[in-house]
Structure formats: structure tokens, C-alpha cells
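Okay, here's what each chain looks like letter by letter:
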Amino acid sequence: MPIRIWDIPREEYFVSGHRLCPGCGAGIIMRHLAKALGGKGIIAHATGCVEVSTTYYPETSWRIPWIHVAFENVAAVASGIEAAYKVLKRKGIVDPNKDVKIVAVAGDGGTFDIGFQALSGMLERGHDVLYLVYDNEAYMNTGIQRSGSTPFGAWTTTTPVGDVWIYGEWRPKTRKDLLFIAMAHNIPYYATVNPAYITDLYEKISKALTIKGPKLIHAFSPCPPGWRINDDDTIRVSRLAVQTGVWINLEYVNGVVRVTTPVPRRRPVEEYLKIQGRFRHLDKEAIEKIQAMVDEYVAKINKLVGKEVIGPVER
Amino acid sequence: MKSFHPRLLKPGRYFMQGNIATAEAALIAGCRFYAGYPITPSNEIAEWMSRRLPEVGGVFIQMEDEIGSIVAVLGASAAGVKAMTATSGPGFSLMMESVGLASMMEIPAVIVNVMRAGPSTGIPTLVGQGDIMQAKWGSHGDYEIIAYLPSSVQEVFDMTIKAFNMAEKYRVLTIVLSDQVIGHMIGKLVVPDYEEIEIIDRELPDVPPEKLVYPFDNSRLIPPMPIAGAGYRVNYDSLTHDERGYPSVDRDVSFRLVSRLVRKIRENEKAIAEWEEYYTDDADILLVAYGCTARSAKEVVKKLRRENIRIGLFRPKTAWPFPWWRMNELSKRVSKIVVAEINMGQMLHLVREYSARDVEIVHVPYAPGYMPPPSYIENIVRGVYGA
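In order, the protein sequence lines correspond to chains A and B. Counting from 1, position 26 in the first sequence corresponds to residue 29 in this note's numbering; the numbering is continuous, with no gaps. Counting from 1, position 284 in the second sequence corresponds to residue 309 in this note's numbering; the numbering is continuous, with no gaps.
Keep in mind the hints are simulated off the structure, nothing from the lab. Some clues are possibly wrong.
What the hints assert, rightly or not - Below, a list of computed lysine to aspartate or glutamate pairs in the EDC-like style, where the Cα atoms sit at most 20 Å apart:
(1) B:K323 / B:D306
(2) A:K179 / B:D90
(3) B:K327 / B:D309
(4) B:K194 / B:E299
(5) A:K287 / A:D298
(6) A:K179 / B:E89
I would like the entire structure built from these sequences, with the hints used as guidance.
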């Protein structure tokens, strides 16, 4: 039976007073991650927005043991913590039956780019760690520079608007796809979550925490200043991402892919693009190109699942 | 007569940010490739380059990390394009392996390190001067680099052009040790007429590509650099290599190569090193400061001179090579030296090493992430002077 909104615990372990921007998607994700952990476990955090804005001296929003490490090595540090617990349990210092949840959190820069090597190593070695990436599709903490996750056509400060960056040879065509990266590493659990589908998000994080081995959760995380959206449009843009097929909520468990939010009739991708300032410069041709890219990716996922879970565009 | 691209920054007077001046200077110096990775407080350089490089026919790429950035720069430079990257403390640490790599393969390149407070992630948005020693000693083995210490927007512009020139002239990695204050300072910039700007390009072999060339010819201190992109068949190797570029474990080969890598800078240090002196002629107390700290130090000298305190300022403009002979001469004339910098004692070691034995050396340690205000240095100087 699926989780209902009142099944989510009321206790808060990611508390108010943090300095995240109004409307930050990452705040919603972290709050529910902390709820799923139930105030237990250890969080290792890569450099990023959430790290700098939730732990600013003299306060912290985390009611959970927390460690910040350098930008590129959160997965490596989480691996070390997990290995240390194995030793502590073996020596009898920690009760061998105690289940200590270790979570690594990083943004898209710390995952897709600089932290990729450490992530791949952690997944390959099979550490019992949940790795959660909050993907706001650029380096928002340093001032909106493009990352390996920035979608085609988006404005960033290092992909300024102009012919060179929209149609030039250096423009990234498609972003890295974590689903296939996770599949290539043969990990027991991978899921995509979206703050507009909060019960789904909570359920997936809770489920991941019960599974042994390396787990990867990819979270959609709207950024009002970076995406040039209104503070109150976070959930709207998150829901539109799913409804247009730009983002697909899915789950990969032991080799089987399942779409958890089927979309029988998709909305045109233009609706998702037009409320974001970072896509404002796109002309009709570019929007059609993005629509074609989304269509192609949806077809790929449908083929993977084996049936049409994401339907055609309805205009 | 060199030709300048019509869309470079025109000669004239500007009110410009230090980081943007750095980027514009690099373009004037002939830089046409930039590979970088976002890091505060150097981001403006990458952002400006991403916009400006395509306009002047260059290429900007954002890499997956700083290790990739510097190595992409070395690749581009080996292929024949002047290239640079910009970073700050943590990124500079990641680049360290390639500092040695560039030195070993003698590939000219420029790193702009906009220093921030450290260690580790430190304070990304605030200033530090803690990378002075790392710039020279960060990579393993024996090698020499050149490092500049700009102290104003104008200087960061001039020194970036000079950094490219020196890199090309000596086939060496050159580092501009800017800092957060200089990088984010908006100040006056005068771009001189292009004819007045000296641009040096690397010396190319005078034999055609199909002929045999020795890219690491030990008979010359700085051998001409064959360009892979121009058709030369070259073999660059980070292993210890002979004059052809092939790896070798021969003791003579190793000693000859490492000696030359070091000698090409050490024997030219008097031509490369630069410094500024302010009221040092009759000084009894010598203040040593550089970068943004020198701005506070200069103010202290001005104020104390009005009280007839015989104080002078020695400001090295190059950290490496350090103008040690001048330091030594000055130390013999003064009774006390005060070293002010935003770290817990780095240039202090150089001052100690090269000063006369009987001179008293006092350090002003300061690492809160801010520039020391003139009053802070002044209080310490007064304590030393006994006034």
C-alpha cells in the first residue's frame, strides 16, 4: 500500500533557521531525508548550497551527526565511515546488530563532475551507503555555472546566451544520465525523486535505507535564482517537469526498471520551459529540438520498461 | 608588428574589476584557450572568458574538475595555442601534480590563483595569502616556476600579460597569485596603446617539420619548442627524458634535464624578479608586504613618515623568483624588519633566509580572512620601534 501524506512522520530533524533561498527545492528534499532517517545515522556532505547554508556558524539545521568534506570526495568519505563501522562492530565497540545508516549528500557538480570518480568507486566497491544527489542543474553555490547536468539550451553564467553557446560545437547536447550509470554499476537500488511527489520521495528514501549495499537517489531540485523562476513556482515547475516528461520518476531495483509516476498524456515541453527565465531566449526551433530530445528519452524509457508508461504529447 | 584582434579591449581608461581585467589582459596577451572549473572567488574570470573567447576566435570549455582544467590547458599549449586557467586555493591544490608536469614537459601555461582564506575549503568569499609557498613547493621533485604578486587592478592586468610573456619566453608555468581583494576590487585601469604592449611568443625551431628536432635540447638553456599542431613529430613525456623526449633512466640524462629545468629560471632570476621600494633610502625599519596587504602597509609608511619615523616598504612583485639579493642589501642597512602578510608566516621564511644575521625580524601573523587594516600593522610597527 502506498504511503499517504499523513504517514510521513511529524518530527523534524532538519530544522528551520537555515539560509537556503526562499523556494529552494533542496530544502524540501533534505527535510524528508532527515525524516526518513528518523534522527539516526550519519550524513556526509559535499561542498554545495545545502552545505554552506544549513550549517552556518553558530547554528546547524541538522539534528543528525554531520560531516562536511571537500568537493570531490563525499563518496570516498562515506565509504571510509562505513568501513570504520565494520571494524568497530568486529571489535565489539559497537553492537554488531546495530544498523547505522550512512548517507552521502552532494549536488550535481559534486556528483556528475568532480565527484564522479569517488561515486563510481563507492558503487563499485559496494559500500552500504545511500548517496543522494540534489540536482539543481548547475553550480548554484558559486554563481550558476554550467555542470554536467545542465540541460540543453539553459542559460548559465558560463554558457552565455548567443549563437556560439546555443548552436556551437561546445554546447553540451545531453546531460549525463545517472540511471544508466547506476545500471552499469549493477547497484541494488536507484531511484529518481521529485519534490512535487512528496509521498513518492519519502517512500523511495525510506525504502533505499532498508536495502543493503550502495544506493543512489537522484532528486530533482528547482533553484529559483538559478532557474529564474518565482519563489512560489518550485512545486509547479517540479510537477510540470514530470507532466512534460522532462523528468521521469522511476525506480531501478535489482535490474528491473519501474516508472512510479506514469504519465498517460504528456504536456508539451514548452509549458515547462516558458516559466523559467533560463530558457527565455529559446526560439521555436530550439524548443522543437528540446521536445524531440524529450520524446527520444521517453521512448528509451518506455522500451526499457517494456510498455508505454509515458504517453504521447497532448496539445 | 603584431596584429591585434579588433574585438580586444581598446586602449583607454577603464573602471574595471580585477578578475575581468585579468581576463581581458589574457586576451590581449594572445590567450585563445581557457579551461576552468567554477570556484569562488575566481568565477568572474571564467564567466568573462566564456563570453569573450568566442568573440575573438578562441575556445572556452568548462571541465569536470581542476585536474582536467590544467591538463587541458597543457594540451592546448603543447598543440600551439596560448592557454590559461584560473582557480583558487582548493582547485590550486588539485592542480599541483600538473604544476610539476608542466615544468617537466616545459609547456608554457598560465594559472591565475585568486587566493582565498584556507586551509581546505576555508572561507571561499574572503581573502588569504596562504598559497605563496605552495606555488613553488607544492609539486614533488625539483623544478622552478615564476609567480607574480599583483597589488592593484592595473597590476593584475600588466602582470597577466607579463605572465604569458615569461611563460612563452622560458617555456615555464607562470602563476599569477592574485587574491580575493584584488580580484573583486573595482579600480582604475589604463590600457596602453597596443604598440606599447610587449607580447612575446615562444621560439619555434628554425628547421622545417619534416626535419629532426630536439624539443629538449640540453645544449641550450631554453630549447625552441616544436609545435605538434604545426606538423612536428614530437614526443612529450612526463618521465625523465632525453633531448628527443624519450624516457630514460640514465643518470646523466636525469641530471642534465633536472639541472636545465632549474637553471633556466635561476640563471635568469635577475631579469625576471621585480619589486617596488618606497622610502627605503634612509629607512631604519623595513616593512615587507605584497599583494593587497601592501596597500595597507603603504598607508602605514605614509603615516609614520609624517611623524619622522624612518620606515620604508619593500614590496616583492614576484614571489618566485624572490628578489633575494635586494632583500639582502636592504637588510644590511636597517635595524628591524616587519613582515606583514595574510597568513601565519610564509614570505617570512624567505625574508629570514636572505636577511643579514643581526637584523631583528618581526612577523605580523594575520589570518581572519580580511586585509589587515593599516592600524593593525601600525600598532605592531610602533611596538617594534618603541614609539
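Please work out if A:K179 and B:D90 have their alpha carbons no farther apart than 20 Å.
Judged against 20 Å, a Cα distance of about 15 Å means the pair holds.
Given pair status - B:E89, A:K179, alpha carbons within 20 Å
holds, 12 Å
Straight-line alpha-carbon gap B:K327 to B:D309, limit 20 Å:
holds, 15 Å
Would you check the hint for B:K323 and B:D306, treating anything up to 20 Å between C-alpha atoms as holding?
holds, 15 Å
Restraint status (C-alpha distance of B:K194 to B:E299 at most 20 Å):
holds, 16 Å
Between A:K287 and A:D298, is the straight-line Cα distance small enough, at 20 Å or below?
holds, 16 Å
Comparing the model with each numbered hint stated earlier shows that all of them hold.
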